[in-house]
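Here the protein sequences line up with chains B and P, keeping their order. Read in order, the letters of the first sequence are residues 1 to 229 in this note's numbering. Read in order, the letters of the second sequence are residues 230 to 339 in this note's numbering.
Take these hints with a grain of salt, some might be off.
What the hints assert, rightly or not - Which residues of chain P face chain B? A partial, calculated answer using Cβ under 8 angstroms: (1) Tyr256; (2) Ile258; (3) Lys269; (4) Thr273; (5) Gly275; (6) His286.
Said to hold, decoys possible - What follows is a set of in silico ranges between Cβ atoms, one per label pair, in the way DEER data are often shown: (7) P:Ser266 / B:Pro107: 23 to 29 angstroms; (8) P:Val329 / B:Pro107: 58 to 64 angstroms; (9) P:Leu333 / B:Ile210: 52 to 58 angstroms; (10) P:Glu296 / B:Val175: 41 to 47 angstroms; (11) B:Phe132 / P:Ile231: 45 to 51 angstroms; (12) P:Leu333 / B:Thr22: 48 to 54 angstroms; (13) B:Gln48 / P:Lys313: 29 to 35 angstroms; (14) B:Pro107 / P:Trp294: 38 to 44 angstroms; (15) P:Gly251 / B:Leu113: 36 to 42 angstroms.
The hints are simulated quantities; they were obtained by calculation from the structure and are not laboratory data. Glycine is no exception: its CB is placed at the ideal position from the N, C-alpha and C atoms.
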Amino acid sequence: MFDLEKSIADWRRQMLAAGIKTPVPLEELESHLREEMQEHVRSGLGEQAAFETTIRQVGQAEVLKTEFAKVRETIYEQLKHFIYALAGIPNYQLVTNMNTPIQNPEPRWATYLKSFALVFPAIFVWVGSCVFVVPKLKEICVVSGTTFPKPIWTALVLSDFIKNNLILGTAAILVTLILLEWRSRRWPHYRRLVFGIAAFSLNFIALALIASLLVFAVIAGANLLQHAK
Amino acid sequence: MIRKELVAASAEPLILSLLAKGESYGYAIIQEVKVRSGGKLQWTDGMLYPVLHRMEHRGLIKSRWAESETGRKRKYYSLKKDGKTAMAKHHEQWSLVHSVLAGLRKEQYV
Chain B
1 MFDLEKSIAD WRRQMLAAGI KTPVPLEELE SHLREEMQEH VRSGLGEQAA
51 FETTIRQVGQ AEVLKTEFAK VRETIYEQLK HFIYALAGIP NYQLVTNMNT
101 PIQNPEPRWA TYLKSFALVF PAIFVWVGSC VFVVPKLKEI CVVSGTTFPK
151 PIWTALVLSD FIKNNLILGT AAILVTLILL EWRSRRWPHY RRLVFGIAAF
201 SLNFIALALI ASLLVFAVIA GANLLQHAK
Chain P
230 MIRKELVAAS AEPLILSLLA KGESYGYAII QEVKVRSGGK LQWTDGMLYP
280 VLHRMEHRGL IKSRWAESET GRKRKYYSLK KDGKTAMAKH HEQWSLVHSV
330 LAGLRKEQYV
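Pulled out of the complex, with its shape left as it was, chain B reads as follows (with noise of 0.2 angstroms):
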């Protein structure tokens, strides 16, 4: 049977929990509910299907939270939020961001293709000093006696491993993006400033990695051509 009381102090504990204050403005979104779902009862809802109506036309008590936030703001604050705009994690701009309880503007499409767009020069960049230019360089090392220097060797060997288990790796990330997008309430937030971080290292990494296989070139060139005399 539905406990009307019951679950109105449910959902004020869930909204404490939230860190929605009482009594302002905890008693006003109360006052609120009970009269919105008693409109939704007079015109024929049963009182559990009105309270949930009604419950979800208030909205998520973390959402609420921050635009409560937002009504004292101290330059400290309004700081924070700045930097978290410019680190993609959106809704803190617009006080009045009134009829949009999802935070997150863009949507997951959007983020997946465009880290996919912005991974795919370091992915081919890998590949090619992967197949091409890595193993002509081992062999000029070896005639030409040159030995790889430790920095160097330490990241092939680590981009031959990561070569070896793509497949089991690829899978791995599939896996877990997929339990976060399945089950994670919160990822939905931070999915785009995850992406973007992880999208710039890999650009990052990559890049790192053909420059100073560039340089070393370079050096075993010459030492080649020093052999050859």
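Use these hints to put chain P onto chain B, whose structure you have.
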């Protein structure tokens, strides 16, 4: 449905104009906006309150708790002097935008 940016931008002028008719409380404000817009302007209910609180914090409106006829506690909001000034400014700006838009639209059909 109306675009969310427009909904957000119109919230303050709408609330101010509604309160100019007399004091009101959250639920009634939402209902009135819904009815007057033919259901096309729909706010996530809870989101009205942060906006009201912010307007109160800025000194545009004031609030008081009172009991309704049915004995339910309600928080009533009413306009302050600064709110009236802000409303006038909003009206001026919105009618400017509207007249430019209407003028351009008329030219399309000439």
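Hint check:
{"no.": "1", "hint": "Tyr256", "in the structure": "holds, 4 angstroms"}
{"no.": "2", "hint": "Ile258", "in the structure": "violated, 10 angstroms"}
{"no.": "3", "hint": "Lys269", "in the structure": "violated, 11 angstroms"}
{"no.": "4", "hint": "Thr273", "in the structure": "holds, 5 angstroms"}
{"no.": "5", "hint": "Gly275", "in the structure": "holds, 4 angstroms"}
{"no.": "6", "hint": "His286", "in the structure": "holds, 5 angstroms"}
{"no.": "7", "hint": "P:Ser266 / B:Pro107: 23 to 29 angstroms", "in the structure": "holds, 27 angstroms"}
{"no.": "8", "hint": "P:Val329 / B:Pro107: 58 to 64 angstroms", "in the structure": "violated, 32 angstroms"}
{"no.": "9", "hint": "P:Leu333 / B:Ile210: 52 to 58 angstroms", "in the structure": "holds, 54 angstroms"}
{"no.": "10", "hint": "P:Glu296 / B:Val175: 41 to 47 angstroms", "in the structure": "violated, 57 angstroms"}
{"no.": "11", "hint": "B:Phe132 / P:Ile231: 45 to 51 angstroms", "in the structure": "violated, 56 angstroms"}
{"no.": "12", "hint": "P:Leu333 / B:Thr22: 48 to 54 angstroms", "in the structure": "holds, 50 angstroms"}
{"no.": "13", "hint": "B:Gln48 / P:Lys313: 29 to 35 angstroms", "in the structure": "violated, 44 angstroms"}
{"no.": "14", "hint": "B:Pro107 / P:Trp294: 38 to 44 angstroms", "in the structure": "holds, 42 angstroms"}
{"no.": "15", "hint": "P:Gly251 / B:Leu113: 36 to 42 angstroms", "in the structure": "violated, 51 angstroms"}
Hints 2, 3, 8, 10, 11, 13 and 15 from the list above are not met by this structure, while the remaining hints are.
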